[in-house]
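Required output: the full structure, derived from the provided sequences and hints.
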Amino acid sequence: MATDPADAEAIERSLEIAGDRGGDLTPIVYARLFERQPQMQVLFWRDTTDAIKGEMLMRVFDAILDFIRERRFAHHLIQTEVVTHAGYDVPPDVFATFFGLVAEVVEEVCGSDWSPAMAQAWRRMLADLDDYVAHPDQAARSA
Amino acid sequence: MNIAVKVQAVETAADIAATPLEKLNPAKVDRFYNDTIWPVFERLRREDPVHFTPESEYGPYWSVTKWNDIMAVDTNHEAFSSADGIGLANLEAVAEQEKVMGERRRGNAGFITMDEPEHGPARKAVSPTLAPTNLQTMAPLVRERAGQILDSLPIGREFDWVDLVSKELTAMTLATLFDFPFEQRRKLPWWSDMIMNMPGHGPVESWQQKGEAMFECFAAFAELWNQRVNAEPGNDLISMLAHNPATRDMPIETYQGNVVLLIVGGNDTTRNTISGSVFALNKNPDQYAKLRANPDLVLPMISETIRWQTPLAHMSRVATRDVEVGGKTIKKGERVVMWYISGNRDEEMVERPNEFIIDRERPRQHMSFGFGIHRCVGNRVAEMQLTIIWEEILKRFPEIKVVGEPVLNWSAFVHGYESLPVVIPHRA
Chain Y
-14 MATDPADAEA
-4 IERSLEIAGD
6 RGGDLTPIVY
16 ARLFERQPQM
26 QVLFWRDTTD
36 AIKGEMLMRV
46 FDAILDFIRE
56 RRFAHHLIQT
66 EVVTHAGYDV
76 PPDVFATFFG
86 LVAEVVEEVC
96 GSDWSPAMAQ
106 AWRRMLADLD
116 DYVAHPDQAA
126 RSA
Chain G
916 MNIAVKVQAV
926 ETAADIAATP
936 LEKLNPAKVD
946 RFYNDTIWPV
956 FERLRREDPV
966 HFTPESEYGP
976 YWSVTKWNDI
986 MAVDTNHEAF
996 SSADGIGLAN
1006 LEAVAEQEKV
1016 MGERRRGNAG
1026 FITMDEPEHG
1036 PARKAVSPTL
1046 APTNLQTMAP
1056 LVRERAGQIL
1066 DSLPIGREFD
1076 WVDLVSKELT
1086 AMTLATLFDF
1096 PFEQRRKLPW
1106 WSDMIMNMPG
1116 HGPVESWQQK
1126 GEAMFECFAA
1136 FAELWNQRVN
1146 AEPGNDLISM
1156 LAHNPATRDM
1166 PIETYQGNVV
1176 LLIVGGNDTT
1186 RNTISGSVFA
1196 LNKNPDQYAK
1206 LRANPDLVLP
1216 MISETIRWQT
1226 PLAHMSRVAT
1236 RDVEVGGKTI
1246 KKGERVVMWY
1256 ISGNRDEEMV
1266 ERPNEFIIDR
1276 ERPRQHMSFG
1286 FGIHRCVGNR
1296 VAEMQLTIIW
1306 EEILKRFPEI
1316 KVVGEPVLNW
1326 SAFVHGYESL
1336 PVVIPHRA
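Residue numbers (this note's numbering), protein chains in the order written: chain Y, -14 to 128; chain G, 916 to 1343.
None of these hints come from the bench; they were simulated from the model.
Treat each hint with caution, since some may be false.
What the hints assert, rightly or not - Dumping the calculated EDC-like pairs for lysine to aspartate or glutamate here, alpha-carbon to alpha-carbon at most 20 Å:
id	chain 1	residue 1	chain 2	residue 2
1	Y	K38	G	D1274
2	G	K1243	Y	D115
3	G	K1247	G	E970
4	Y	K38	G	D1211
5	G	K1198	G	E1320
6	G	K1316	G	E1073
To be verified - From the structure, some residues in chain Y lie toward chain G, with a derived Cβ separation under 7 Å:
id	residue
7	V27
8	L28
9	W30
10	A36
11	R57
12	F58
13	H61
14	T69
15	H70
16	G72
17	Y73
18	Q123
19	A124
All C-beta atoms, glycine included, are put in the ideal place defined by N, C-alpha and C.
Spelled out as structure tokens, the structure:
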């Protein structure tokens, strides 16, 4: 199911505002991830400069932008990331947590510019994303 | 013995521009060997990003050349199968190899040539060995061995960087990952070269010799399997395969395929990035100066080299049904090549993509490890080795000077170096 164009516009707008105001969101997003899923921290032992975390977050934003518009690859990428991360003992619920806290941080950075339309659009998109996280089997999903 | 064959007439950018589009075969190996591939991919990205080559030495195939289209293919494993091989295979070479080794299933490179649901459990059998937490334990040993390699290099005298450093470091790391007899470690890159080359290239002199080398490799790994399967489970890759319920009963051909995958995958990408980094820094002295001035740039320099070099130029799939990619319909059964080497130079995704810039804003934005369920399982090991070797180089040598032209691989798959002559003028 494609994202509603009005929702896509609201999400894009919120990301633009967050980008303009928040600078690099990497430290705050990952601090929260490690707070909620502390077992994830050790996986980043080499990442002393936040470069790995930063690129992962950028890929999440790229995927969100593709997911809400053309959906050329993002839905499949999410499914396959769930599968490959399982090999490193990263459970699927980490993905749901991660997308959720990205939404949280974007909302905080947007501050008074965060609108009810944005809140609704993000809520719907997160539910849609969760569905791909919960069903990573492409063959079953396309059957 | 390395045999390098120079091709007489080197194609120019003008020749490529004049070739009718329908005749353009981007996998022509001499272009990779002569480093003249770039205008081909620039033209395809501009004029025909999803391009069909109806006739070639590999048979008919599609080329996908832009970042987002490659992502669409790579992440859609339901529509694009890996089971019939992940590289373009020269049909004549396949026939010759079959004469020596007998007929083997085309897609026989272990779990990378499996589709779901078989692929996931088989990959999961080895991924804990290559996971970040296990690498943390391995890192001090890799650092110690990297130091030993560098401390043994000649000073003020020309030598081949590929042989003494790139191959040696990957051989040491692979031997550790396999718990392979350490004194025989150089057999690992040698087998990798024997597997990946055709007669006349790399160390391969004849199909017979190539076949014998592969049988020798399989026999050595059969012996390792027998040792591990009868011992307590260990942390090495062979023990993991021998004791994991998903892989312990796999057919011998599948085990051999996994061995090929792990040897070649563990060898070629890392070794060619080590060589590529020395070459690229020499071609771009301003970037080398930046690195020397700020060793914190090692990590982004490694990522930039992985993008700039793209040590595996492509991966291929076969469509399981009719699928549309970039406005073209790829029919069921047709072969599709994802040119990572082109996606990494996609002007719409990477700013100034042909330039080697070690402090890019997004240095890790590359597709050299692929995406999707077949994303390189050893990517973190590769990055760890590359980071460690460069951290140790910078402590020891102010400069590694390339003193001659490199000889490149004869391959449209492995994009790397046969040899790279260098001199280290002095120690720090």
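Status of the hints after comparison with the structure:
1. Restraint check for K38(Y) and D1274(G): satisfied, since their Cα atoms lie roughly 17 Å apart, inside the 20 Å limit.
2. Taking the CA atoms of K1243(G) and D115(Y), the gap is near 31 Å; set against the 20 Å cutoff, the hint is violated.
3. For a cut-off of 20 Å, the pair hint linking K1247(G) to E970(G) stands: about 18 Å separates their Cα positions.
4. The suggested pairing of K38(Y) with D1211(G) holds, with an alpha-carbon distance near 16 Å, which does not exceed 20 Å.
5. The hinted pair formed by K1198(G) and E1320(G) meets the criterion: a straight-line CA distance of about 11 Å does not exceed 20 Å.
6. Annotation: proposed proximity of K1316(G) to E1073(G) holds, straight-line Cα distance about 9 Å (limit 20 Å).
7. At a threshold of 7 Å, the smallest CB-CB gap from V27(Y) to chain G is about 6 Å, leaving the interface hint in force.
8. Interface restraint check: L28(Y) against chain G, minimum CB-CB distance 5 Å, threshold 7 Å, status holds.
9. The restraint placing W30(Y) at the interface with chain G holds, with a minimum CB-CB distance near 5 Å, inside the 7 Å limit.
10. For A36(Y), the interface hint holds, the least distance from its beta-carbon to any beta-carbon of chain G being 6 Å, beneath 7 Å.
11. For R57(Y), the interface hint holds, the least distance from its beta-carbon to any beta-carbon of chain G being 5 Å, beneath 7 Å.
12. Interface hint status for F58(Y): upheld, as the beta-carbon distance to the closest one in chain G is roughly 4 Å, under 7 Å.
13. Annotation: interface hint on H61(Y) holds; nearest CB of chain G at approximately 4 Å, less than 7 Å.
14. Below 7 Å, beta-carbon pairs count as interface contacts, and T69(Y) has one with chain G at about 6 Å; its hint therefore holds.
15. The restraint placing H70(Y) at the interface with chain G is violated, with a minimum CB-CB distance near 10 Å, outside the 7 Å limit.
16. Proximity of G72(Y) to chain G holds as hinted, the smallest CB-CB distance being about 3 Å (cut-off 7 Å).
17. The restraint placing Y73(Y) at the interface with chain G holds, with a minimum CB-CB distance near 5 Å, inside the 7 Å limit.
18. With its C-beta approaching chain G no nearer than about 4 Å, Q123(Y) sits inside the 7 Å limit, and its interface hint holds.
19. Interface hint at A124(Y): satisfied, since its Cβ lies 5 Å from the closest Cβ of chain G, which is below the 7 Å cut-off.
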